[in-house]
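J.: Listed in order, the protein sequences are those of chains H and U. The first sequence lines up with residues 1 to 279 when you count with our numbering. The second sequence lines up with residues 1 to 80 when you count with our numbering.
The set of hints was computed from the structure by calculation and includes no laboratory data. Just so it is clear, CB atoms sit at the ideal spot from N, CA and C, and this is done for glycine as well. Certain hints may be false.
Listing some non-contacts, in silico: residues in chain H with all C-beta distances to chain U over 12 Å [stated by the list, open to error]:
| id | residue |
| --- | --- |
| 1 | G47 |
| 2 | L60 |
| 3 | E82 |
| 4 | I92 |
| 5 | K107 |
| 6 | E109 |
| 7 | G113 |
| 8 | H124 |
| 9 | K135 |
| 10 | E175 |
| 11 | Y201 |
| 12 | G204 |
| 13 | F251 |
| 14 | F253 |
| 15 | E256 |
Which bits of chain U does chain H cover? Going by a derived footprint, with three or more residues having C-beta under 8 Å, they are [stated by the list, open to error]:
| id | stretch |
| --- | --- |
| 16 | 9-23 |
| 17 | 44-54 |
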Amino acid sequence: MSFCSRRFFLRFQINQISKLNFSNVSGGPSQRIELPKRKKIFFGKDGPITWKTFGITGVLGVGMVTYLLYLKEEQEEKQRKERKRQLGKAKIGGPFELIDGSNNIVKSEQFLGKWMLIYFGFSHCPDICPDELEKMALVIDNLEKNEINTGIQGIFITVDPDRDTPKVVEKYIKEFSPKFIGLSGTSDQIQQVCKKYRVYYSPGKKDVDNDYIVDHTIIMYLVNPEGEFIDYFGQNKTADEIVEHILLHMFKFKQEKSSMLSNTIDKITTLRGQKIVTS
Amino acid sequence: MSSKEEFLSKSQRTQCWSSRDNFWECLRCNNDKVEKCSDLRENYEKACPIQWVKHFDRKYNYLKFKEKMEKEGYEPLNEK
Numbered sequence: 001m002s003f004c005s006r007r008f009f010l011r012f013q014i015n016q017i018s019k020l021n022f023s024n025v026s027g028g029p030s031q032r033i034e035l036p037k038r039k040k041i042f043f044g045k046d047g048p049i050t051w052k053t054f055g056i057t058g059v060l061g062v063g064m065v066t067y068l069l070y071l072k073e074e075q076e077e078k079q080r081k082e083r084k085r086q087l088g089k090a091k092i093g094g095p096f097e098l099i100d101g102s103n104n105i106v107k108s109e110q111f112l113g114k115w116m117l118i119y120f121g122f123s124h125c126p127d128i129c130p131d132e133l134e135k136m137a138l139v140i141d142n143l144e145k146n147e148i149n150t151g152i153q154g155i156f157i158t159v160d161p162d163r164d165t166p167k168v169v170e171k172y173i174k175e176f177s178p179k180f181i182g183l184s185g186t187s188d189q190i191q192q193v194c195k196k197y198r199v200y201y202s203p204g205k206k207d208v209d210n211d212y213i214v215d216h217t218i219i220m221y222l223v224n225p226e227g228e229f230i231d232y233f234g235q236n237k238t239a240d241e242i243v244e245h246i247l248l249h250m251f252k253f254k255q256e257k258s259s260m261l262s263n264t265i266d267k268i269t270t271l272r273g274q275k276i277v278t279s
Numbered sequence: 001m002s003s004k005e006e007f008l009s010k011s012q013r014t015q016c017w018s019s020r021d022n023f024w025e026c027l028r029c030n031n032d033k034v035e036k037c038s039d040l041r042e043n044y045e046k047a048c049p050i051q052w053v054k055h056f057d058r059k060y061n062y063l064k065f066k067e068k069m070e071k072e073g074y075e076p077l078n079e080k
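Use the sequences and the hints to build the structure in full.
T.: Below, the structure is given as structure tokens:
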């Protein structure tokens, strides 16, 4: 009740009381006012509440509350899912289609079942790319010595498709490690994969020899056997640190898969058990 | 070294880097006087593509600036 309406209500009450007092005075002190008496029946045939209304209200009320609870639950479930999506997975990575050194189309699906370590760079890169690629070769070599390792493919993708034709990329990358796969493609294909991995690249001004340096993101991307982006490693991480991180991810992935597998096996056995019982 | 369409091989890269390091070493010993290191500079320019020389020159200045910042700190601006 707002302030104004409360004041109005008070004044109304005072008026009523003064009226009563006045009638009292006129009728003499001994006389009692006989207000029409009303039977205090709230329930039953004559009261406002009957079994019928009571029942209807009850049913409606229960239905309403159930519906509200259902809505709330639904809302919470939605929020839970949203939170999980936001926290659990970054929208980085995704399928790509590029060209390898033998001019074959290479699709990211080909690497499903294997981990991928991807680095973006260019063959005319003065210092950072060679350093990073040597680091990546060391990471792959060290991983392969470890028993937790479940198979990893080192991949180099050029951000300079004009100069780095598939052949050039292959020649360049094999010098770092024969295990690496070097990928190039059309400008569109490179643009697409870079967009998916949020890689920035920008060719600098050309000099007299038409030579130029491409400024680009220096990050290694780790993708799991299901083709999902899992982690990234910047220039500041050492080879040993990267190996440790990747092994941890591989271990976690394996555990998740095995627990999922044992769960399904459990389900299958219980289902079978039920079948045997029923048949 | 003039730039070619081809990238530098591993040995060429190592050669370029070591000639650069020699030149940088000389600069540090001679208080950044390029005249005193002209031979090394020539070698360095022969071993590396022009773009790389430009890139490394910028990097040298940046590294020096960074070192100075770390050693001496920065001079606060007098904004009054």
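J.: Would you assess whether H:G204, listed as outside the interface, keeps its beta-carbon beyond 12 Å of every beta-carbon in chain U?
T.: 8 Å, violated
J.: Does the no-contact call for H:F253 survive, Cβ to all of chain U over 12 Å?
T.: Given that every Cβ of chain U is farther than 12 Å from that of H:F253, nearest at about 34 Å, it holds.
J.: For H:G47, is the shortest CB-to-CB distance to chain U above 12 Å, so the non-interface label stands?
T.: Nearest chain U Cβ is 82 Å from H:G47, so the label holds.
J.: Does H:K135 clear chain U by more than 12 Å, comparing its Cβ with all Cβ atoms of that chain?
T.: 15 Å, holds
J.: Would you say H:Y201 is clear of chain U, with no C-beta pair closer than or equal to 12 Å?
T.: 16 Å, holds
J.: Is the nearest CB of chain U more than 12 Å from the CB of H:F251?
T.: Since the minimum Cβ distance to chain U is about 34 Å, H:F251 lies beyond 12 Å and the statement holds.
J.: Is the claim that H:E109 lies outside the interface with chain U correct, judged by CB distances over 12 Å?
T.: With a cut-off of 12 Å, H:E109 remains clear of chain U, as the shortest Cβ separation is near 30 Å.
J.: Does the no-contact call for H:I92 survive, Cβ to all of chain U over 12 Å?
T.: 28 Å, holds
J.: Test the statement that H:E82 is away from the interface with chain U: the closest C-beta pair must be farther apart than 12 Å.
T.: 43 Å, holds
J.: Would you say H:K107 is clear of chain U, with no C-beta pair closer than or equal to 12 Å?
T.: Non-interface label on H:K107 holds, nearest chain U Cβ at 26 Å vs cutoff 12 Å.
J.: Counting residues of the stretch 9-23 of chain U whose CB is closer than 8 Å to a CB in chain H, do you get three or more?
T.: holds (count 4)
J.: Taking beta carbons only, do three or more residues of the stretch 44-54 of chain U come closer than 8 Å to chain H?
T.: holds (count 6)
Of the numbered hints stated above, those contradicted by the structure are hints 8, 10, 12, listed in ascending order.
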